[in-house]
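> Generate coordinates for the entire structure from the input sequences, incorporating the hints supplied.
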Amino acid sequence: MSDSSKAGKPQFRNIGLIDLIRYRLPLAAKLSILHRVSGGILFLLLPFILFLLDKSLMSETSFEHFKGIASHWFVKLVLLGLVWAYLHHFCAGIRHLLMDVHIGVNKQAAHKSTLIVFAISLPLTALVALKLFGAF
Amino acid sequence: MPKDNIGPHRLVVGAHYGVRDWLAQRITAIVMAVYTLVLLVAFFAASDFSYEGWASLFAQQWFKLLTFVTLLSLFYHAWVGVRNIWMDYIKPVSIRLTLQVATILWLVACAAWSAQILWRA
Chain A
1 MSDSSKAGKP QFRNIGLIDL IRYRLPLAAK LSILHRVSGG ILFLLLPFIL FLLDKSLMSE
61 TSFEHFKGIA SHWFVKLVLL GLVWAYLHHF CAGIRHLLMD VHIGVNKQAA HKSTLIVFAI
121 SLPLTALVAL KLFGAF
Chain B
1 MPKDNIGPHR LVVGAHYGVR DWLAQRITAI VMAVYTLVLL VAFFAASDFS YEGWASLFAQ
61 QWFKLLTFVT LLSLFYHAWV GVRNIWMDYI KPVSIRLTLQ VATILWLVAC AAWSAQILWR
121 A
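Taken in sequence, the protein lines are chains A and B. Just so we're aligned, residue 1 is where the first sequence starts under the numbering used here, counting upward by one. Just so we're aligned, residue 1 is where the second sequence starts under the numbering used here, counting upward by one.
The hints are simulated quantities; they were obtained by calculation from the structure and are not laboratory data. If you're wondering where the values come from, they're calculated on a predicted model, not measured in any experiment. Among these hints, one or two may not hold up.
To be verified - To give an idea of the chain A side of the interface with chain B (calculated C-beta under 10 angstroms), a few residues: (1) 40; (2) 56; (3) 90; (4) 93.
Stated by the list, open to error - No more than 16 angstroms apart at the CA atoms, straight line, and that leaves these computed lysine to aspartate or glutamate pairs for EDC-like: (5) A:67 <-> A:54; (6) A:55 <-> B:52; (7) B:64 <-> A:54; (8) A:67 <-> B:52.
Cβ atoms here follow ideal geometry from the backbone N, Cα and C, with glycine treated the same way.
Here it is, written out as structure tokens:
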């Protein structure tokens, strides 16, 4: 960043794409960007979610149709993506709410709560994956 | 900037709509979190995954209303979040405005669709 004291005004520029690859983010920052990514995924898949809710409730026939759709491997993969996005967004959101009331705001606590969020959301996603793909 | 310019002592200026959206995002988040728990408890307590169990849960008026309020919360919450994404990454005003308007229209349509799904006779 060039702090041009001659112009008397500091200049700021956004981080470039190439810098972005080398830039090491702390884990909490990764959690934060994934919060945004998961929220975006949930927004984009909103019509799919409403479509499935519609199918599951309309009638017994459409419920069977819903089950048929949901048994396809690709749909299962999309559902798993949805489940991860929901779980991550949920856990990271709870962390956000706690920080809003000044719980765990310092650096160490924030790092610890980041680990807790991943330790809850990822195993739960794995559990759902096993269930979806018929391990139990 | 003085060191104590945080928390309740900070200097607040502007139209305050940022605070309103911030607060709305938190309140809608709490509504959705509570609903998630109610849905999980109701699902695991009452029904195996059959049509009868699932449909009877959604047949009750209180559950329809609770679901609808939660979905409206979801749409408002999504509006705040998606608007933030557009504001952060889309710089040209014309494209940003178009996307924001499209987002609002889409979410309103989703609200109507939700009502139809829940209250179909």
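> With 10 angstroms as the cut and Cβ atoms as the points, is residue 90 of chain A at the interface with chain B?
Hint on residue 90 of chain A: holds, closest Cβ of chain B at ~7 angstroms, below 10 angstroms.
> So if I understand the rule, the pair passes when the alpha-carbon distance is 16 angstroms or less; does residue 67 of chain A with residue 54 of chain A pass?
holds, 12 angstroms
> Hold the hint about residue 93 of chain A up to the distance rule: shortest CB distance to chain B must be less than 10 angstroms.
holds, 5 angstroms
> Any CB of chain B closer than 10 angstroms to the CB of residue 40 of chain A?
Since the shortest Cβ distance to chain B is 6 angstroms, the answer is holds.
> Just to be careful, I want the Cα atoms of residue 67 of chain A and residue 52 of chain B compared with a cutoff of 16 angstroms; is the pair within it?
Holds, at about 14 angstroms.
> Mind checking the CB of residue 56 of chain A against every CB in chain B and telling me if the closest is under 10 angstroms?
Holds, about 6 angstroms.
> Sort out whether residue 54 of chain A lies within 16 angstroms of residue 64 of chain B, counting only the CA atoms.
OK: residue 64 of chain B and residue 54 of chain A at ~13 angstroms, within 16 angstroms.
> Quickly compare the C-alpha distance for residue 55 of chain A and residue 52 of chain B to 16 angstroms and report which way the hint goes.
holds, 14 angstroms
The structure fails none of the hints (numbered hints given earlier).
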